[in-house]
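Letter by letter, the sequence shown follows residues 1 to 167 in the working numbering.
Just so you know, the hints here were simulated from the structure itself, not pulled from any lab data. Ideal Cβ placement from N, Cα and C applies to all residues, glycine included. Where hints are given, some of them may not hold.
Taking CB as the label site, the calculated pair distances span [to be verified]:
| no. | residue 1 | residue 2 | range |
| --- | --- | --- | --- |
| 1 | 97 | 13 | 37 to 47 Å |
| 2 | 80 | 50 | 10 to 20 Å |
| 3 | 115 | 71 | 44 to 54 Å |
| 4 | 97 | 39 | 30 to 40 Å |
| 5 | 95 | 34 | 22 to 32 Å |
| 6 | 3 | 47 | 34 to 44 Å |
| 7 | 102 | 125 | 17 to 27 Å |
| 8 | 125 | 27 | 32 to 42 Å |
| 9 | 40 | 2 | 36 to 46 Å |
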Amino acid sequence: MTDLHAVLFPVGVDLYAVPIERIEEVVVAPTLTRLVTAPSHVLGLFNLRGQIVPLIDAAALLGLGSVEPAAFVVVLQSRQGLIGLAVTDLPERVILGAPVGTSELAGTVGCFLVRNRVAVLLEPDSLLAGALLDGERPRSGQRAARRPSAQLDSARTGDTVASGSAR
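Sequences are here, hints too, so could you generate the full structure?
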């Protein structure tokens, strides 16, 4: 497997990554228009050079609580158009080597070791499927798994990461 260029970002204390070709840009704390009837994982809409972009709470989507306020937004290209993911801290560009484990989380591709921490690689279209259309937040059993920080031992041995919340 060849190295994969990705953007790494924290959601809470955990690390996630998205292939760099899916990233449009990173935005710092955009001004949001709240939507009172939106599902809880939709934080609102923001204007990106004339294009209205929905902002999704990455933590809520992954079953990890909430990221609010959105300090940084990773703007992704998806089948639904541009979508912003609210993340905890400044994303960074990384090169991911071979996966160290798999993940049974819906919307993920695998687990990678980055500076002795496990990062879960997300597949944006799978992760975001239905997030805006059906108005329902995924059930925690569909998204939540052991937190990546708890997956390090499993990932080092190449074991499959099991689903089921550690919280």
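To see whether the hints hold, each was checked on the structure:
1. 97 - 13: 37 to 47 Å: At roughly 23 Å between Cβ atoms, residue 13 and residue 97 fall outside 37 to 47 Å, so the hint is violated.
2. 80 - 50: 10 to 20 Å: holds (18 Å)
3. 115 - 71: 44 to 54 Å: Since the Cβ atoms of residue 115 and residue 71 sit about 21 Å apart, the hinted range of 44 to 54 Å is violated.
4. 97 - 39: 30 to 40 Å: holds (36 Å)
5. 95 - 34: 22 to 32 Å: violated (37 Å)
6. 3 - 47: 34 to 44 Å: At roughly 35 Å between Cβ atoms, residue 47 and residue 3 fall inside 34 to 44 Å, so the hint holds.
7. 102 - 125: 17 to 27 Å: For residue 102 and residue 125 the Cβ distance comes to about 19 Å; the hint holds.
8. 125 - 27: 32 to 42 Å: violated (21 Å)
9. 40 - 2: 36 to 46 Å: holds (39 Å)
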